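Following the hints, position chain H against chain Y.
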Amino acid sequence: MNDLIRLEITRALRNRKFLFFSVIYPSALFLLIAGSADSTTKVGDTGLSLPTFFMVSMASFGALTAVLLGNSERIAKERESGWVRQLRLTPLPGRGYVLAKTAGAAVSSLPSIMIVFLVAAAVKDVRLDAWQWLALTGAIWVGSLVFAALGVAIGYLATGDAVRPITMIFYFGLSMLGGLWMPATTFPQWLQDIAKWLPTHAYAALGRSIELGDAPQAKDVAILAVSFVLFAGGAAWLYRKDTLKA
Amino acid sequence: METTPVVAFDQVTKSYGEVRAVDGLSLTLRPGETVALLGPNGAGKSTTLDLLLGLKQPDSGTVRVLGRSPRDAIVGGHVGAMLQSGGLMDEVTVRELVSLVCALHPRPFPVGEVLSRAGITELADRKVNKLSGGQEQRVRFALATAGDSALIVLDEPTTGMDVTARQAFWATMREQADQGRTVLFATHYLEEADAIADRVLVLHRGRLLADGTAAEIKAKAGARRISFDMETVIEEAVLRALPFLTALDVSGQTVRIQSSDADATVNAVYALGLYPRNLEVAGLGLEQAFVTLTAAAEEARTS
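Each protein sequence line maps, in turn, to chains Y and H.
Take 4 as the starting number for the first sequence in my numbering and just add one per residue.
Take 1344 as the starting number for the second sequence in my numbering and just add one per residue.
It should be emphasised that the hints constitute simulated quantities derived from the structure, not laboratory data.
Fair warning: this is a prediction, and the values are worked out from it, not measured in the lab.
Beta carbons are placed, not taken as given, at the ideal position from N, Cα and C, and that holds for glycine.
Treat the hints with caution; some may be incorrect.
[Said to hold, decoys possible] Chain Y is faced by these chain H residues, among others (derived, beta-carbon under 8 Å):
no., residue
1, Leu1396
2, Gln1400
3, Ile1417
4, Val1418
5, Gly1420
6, Ser1428
7, Gly1429
8, Gly1430
9, Leu1431
10, Met1432
11, Glu1434
12, Val1435
13, Val1444
14, Ala1446
15, Pro1449
16, Val1612
[To be verified] Over 10 Å on every C-beta distance to chain Y, these chain H residues come out as not near it, computed from the model:
no., residue
17, Gly1375
18, Lys1473
19, Ala1514
20, Glu1518
21, Gln1519
22, Tyr1532
23, Ala1584
24, Thr1597
25, Ala1614
Bound-form chain Y, shown alone (with noise of 0.2 Å):
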């Protein structure tokens, strides 16, 4: 299994244009929104400054780029091709396949986080403690996981040509109501009470916790546990039923 981990994330070290989207992409948006903002300006009530806050929203936006898109869109394509089927005739035990991808997108995910850290220390002086930007990096990248097992439902819900539009209806939905391009209080009230229930809100305000110091909210983490359970359950169940169909 070990040597199918090791190809999965040599493969998605390889391919540039997820690369670029996964690493680049959230960087060049925090400097787009956050380029000109001075650091002394507050986010509403939450006592970070502009490149503080949104240094998590895109460190978080990245990851979840990187585990979602990275593993939805493979493994559905690749169920179609049939290599989902091909491996099914070697040893490989079921779970080796998901666990596999799972690790390719996850090895992509940390230098994005990472990129995102540095270029928000380089170019907008965002300070933190040490222990902050390492609880910062575990927790983002931890957290990561709870879109992995989203992404591979939908790799096993979707076929071929839907998995990109189904993708994407959660990848924006998440991060735009979830508040990782915008502060969720600049939203209506009404759509305010949907996005605190969302694991992406949960997500970022993990990280910002953290930013200021503080012990996570103990709903954050729970939305993010019952998140993880109903999205890998769901993976679980949906993958289980493409093994009988085959």
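Relative to chain Y, chain H alone:
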């Protein structure tokens, strides 16, 4: 001595909605056999292979490979397979892909050996998504022979290959069989089945229509074709009474007969006191035998 069969289907049935793709199929493959699976489109060949490889579960009946479930046989590395519907991983080189499948096999052959046996050593550094159809087939073959497996299953293996590649392919396949492996292949090139298989299975509507050597199958269908011209018109009933006759076609003065024993039939023609002219006796190819068999089965079904 009774050995464990390599493949054992026992009363296997598989339906898709109303359609019975495989209908009470029982068959046994013994070690070292090279077996061709023939059948018109929709005969149930693909479903049979899917059941054999554990990609589909039978509705009833049992499928055993080397005495265990198909999935367990695959996990144990006892089965190497190439399917038409089996895709390849793209964005990697041929060597990376072959190395991966070798690494997954519990008793792998060296990668270089697998590449050269499949005739793709020169393609090793090529990206998989840049291959032609015939080259892809050879990569699939490499994946099916990445390790020491007792059973090799090939679905339409030479599709997309030119004549030279096809010959090279079968030469390699024979080596595999000579090393004691059991080879099962589905094909629609009947001359391949005729030349390579030591046993031919004819599948029709999910049932086994014939099972034997190519020669036996031909004999079953009426192995020889006899034709001659008559100077006088003879009653068909007289001709129909000829021994070993399996099919008769009279058009004007020309008589065409299929016979399972051409010598006896021709002797009987002379014995009737007839003087056939332009007498020709020709062997029936497996292809004609196959068409005759399936057409007869179809007739029996509808009448």
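Quick rundown of the hints versus the structure:
1. The closest approach between the C-beta of leucine 1396(H) and any C-beta of chain Y is roughly 6 Å, which is under the 8 Å cut-off, so the hint is satisfied.
2. Hint on glutamine 1400(H) holds. Least Cβ distance to chain Y is approximately 7 Å, under the 8 Å limit.
3. A distance limit of 8 Å between C-beta atoms decides the matter here; for isoleucine 1417(H) the minimum to chain Y is near 6 Å, and the interface restraint holds.
4. With 8 Å as the threshold, the beta carbon of valine 1418(H) comes within range of chain Y, its nearest partner Cβ sitting at about 5 Å, so the hint holds.
5. This hint holds: glycine 1420(H) has a C-beta 6 Å from the nearest C-beta of chain Y, less than the 8 Å allowed.
6. With a least beta-carbon distance of about 5 Å to chain Y, the hint placing serine 1428(H) at the interface is held under the 8 Å criterion.
7. The interface hint given for glycine 1429(H) is met, as the beta carbon of that residue sits about 4 Å from the closest beta carbon of chain Y, less than 8 Å.
8. The restraint placing glycine 1430(H) at the interface with chain Y holds, with a minimum CB-CB distance near 3 Å, inside the 8 Å limit.
9. With a least beta-carbon distance of about 6 Å to chain Y, the hint placing leucine 1431(H) at the interface is held under the 8 Å criterion.
10. Proximity of methionine 1432(H) to chain Y holds as hinted, the smallest CB-CB distance being about 5 Å (cut-off 8 Å).
11. Of the supplied interface hints, the one on glutamate 1434(H) holds, with its beta-carbon coming within about 5 Å of a beta-carbon of chain Y, less than 8 Å.
12. At about 6 Å, the closest approach between the beta carbon of valine 1435(H) and any beta carbon in chain Y falls short of 8 Å, and the interface hint on this residue holds.
13. Taken as an interface hint, valine 1444(H) checks out: its beta carbon lies about 6 Å from the nearest beta carbon of chain Y, inside 8 Å.
14. The interface hint given for alanine 1446(H) holds, since its Cβ lies 4 Å from the closest Cβ of chain Y, which is under the 8 Å cut-off.
15. A cut of 8 Å between beta carbons decides the hint on proline 1449(H): the least distance to chain Y is about 6 Å, and the hint holds.
16. At about 55 Å, the closest approach between the beta carbon of valine 1612(H) and any beta carbon in chain Y exceeds 8 Å, and the interface hint on this residue is violated.
17. With a minimum CB-CB distance of about 22 Å to chain Y, glycine 1375(H) clears the 10 Å threshold, and the non-interface call stands.
18. Distance to chain Y confirms lysine 1473(H) as a non-interface residue, since its nearest Cβ pair spans about 14 Å, more than 10 Å.
19. Distance to chain Y confirms alanine 1514(H) as a non-interface residue, since its nearest Cβ pair spans about 24 Å, more than 10 Å.
20. Every Cβ of chain Y is farther than 10 Å from the Cβ of glutamate 1518(H); the closest lies at roughly 21 Å, confirming the non-interface assignment.
21. The Cβ of glutamine 1519(H) sits about 16 Å from the closest Cβ of chain Y, beyond the 10 Å cut-off, so the non-interface label holds.
22. No beta-carbon of chain Y comes within 10 Å of the beta-carbon of tyrosine 1532(H); the shortest separation is about 22 Å.
23. Non-interface call for alanine 1584(H) relative to chain Y: holds, since the shortest CB-CB distance, roughly 54 Å, exceeds 10 Å.
24. The non-interface label for threonine 1597(H) is consistent with chain Y: the shortest C-beta to C-beta separation is roughly 50 Å, beyond 10 Å.
25. In this structure alanine 1614(H) is separated from chain Y by more than 10 Å, as the shortest Cβ-Cβ distance comes to about 59 Å.
Checked against the numbered hints above, the structure violates only hint 16.
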